[in-house]
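J.: Residue numbers (my numbering), protein chains in the order written: chain U, 1 to 161; chain Y, 1 to 152.
Hints in this document: simulated from the structure, not taken from any laboratory. Remember, it's a predicted structure, so these values are computed and weren't measured experimentally. In this text, a Cβ means the ideal position worked out from N, Cα and C, and glycines have one as well. Honestly, I wouldn't trust all of these hints.
[Unchecked claim] Stretches of chain U that chain Y covers, calculated by requiring three or more beta carbons in the stretch to come under 8 Å of a beta carbon on chain Y: (1) 2-9; (2) 99-112; (3) 139-147.
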Amino acid sequence: MSVVANMFNLLFPHGVAPYLVGGLLIGLGVAVLYVVTGRQGGASTVFSSTWSWFVATPFFRQAALLDSRRWRLVYAAGFVLGGALYLALGLPQEASHLPAWKLALGGVLIGYGARLGGGCTSGHGICGMASLNRGSMLIVATFMATAIATAWIMKGLGVGA
Amino acid sequence: MNTSIDRLVTLVAGTLFGFGLSWATMIRPEVVLSFLTFDDLGLLFVLGAATGLNLIVFQLVPRLRRRALLGGAFEPRPFQVDRRSLAGGALFGVGWGICGVCPGPALAGLGAGNPDLLIALGGIFAGALLHGLTVGRRECPAPAPVAAATAD
């Protein structure tokens, strides 16, 4: 029994409760949007649809971006508001200490990759898999694999978290 | 459709999402990186709970109702995977593995008082622009799922 408990503590040093509750709240947000409006609420398309206000190339003028850019911006504002609500309630929050170059380089790759890949952790990971879309499952497996490999390489090079 | 109710529900849905990301501590890049290096596998429960709940909702609700509560059609997800989108997924993973940030947590974490995430957000906006300017020159991809005429 203690072997099992030790194994559990090793794999989940912070327990599972915050992760489970947080995941259910995230899922509830996606579910509310879907049941009430019919929309699938991924997080990454807003970064393309918002550019459609400023860039008039054919790509950014496509109907899929123009027609959804308003609700996507409202949805994204909700994300910021959700974080602000968490802060306002005085819930535990630790500052992070990642070097700027990692945030900048990672950010560009995330933005480019998510749009080229048709979605991110929420679009493919939640909406796509909940839709039983096989393509989304393939993309999730792909980005999980490259993310794990990259994180281990960074750790090996001594520039991990 | 009543647009103001639509906007309010969309804002509430996003707020739930952002609050959940904060509660799950996914707004801390270090937590995500410790998942990717197997030091804390808790994020499996975040993805499992969020996806599991919506697996039920996405599969069941359209069978019980013809239309969404505000009258819109239930969107399908017409995503077709190909080599280019797989390459996009691979690049996204490399970026995620470098900084532990994904698009949702970048927004929620900013709200929760981590201004460093502005750098990541700037990078994500730049990456999305670069994608639109380079890929768009060759073709417009299949439209992302959008709500029917009721969207705006």
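J.: Now tell me if each hint is right for this structure.
T.: Checked hints:
Coverage of the segment 2-9 of chain U by chain Y is violated in this model, with 0 residues showing a Cβ closer than 8 Å to a Cβ of that chain against a need of three. Counting residues of the segment 99-112 of chain U whose CB falls under 8 Å from any CB of chain Y gives 12; the rule of at least 3 is met. With a threshold of 8 Å between beta carbons, the proposed coverage of the segment 139-147 of chain U by chain Y holds, since 8 of its residues qualify and at least three are required.
Checked against the numbered hints above, the structure violates only hint 1.
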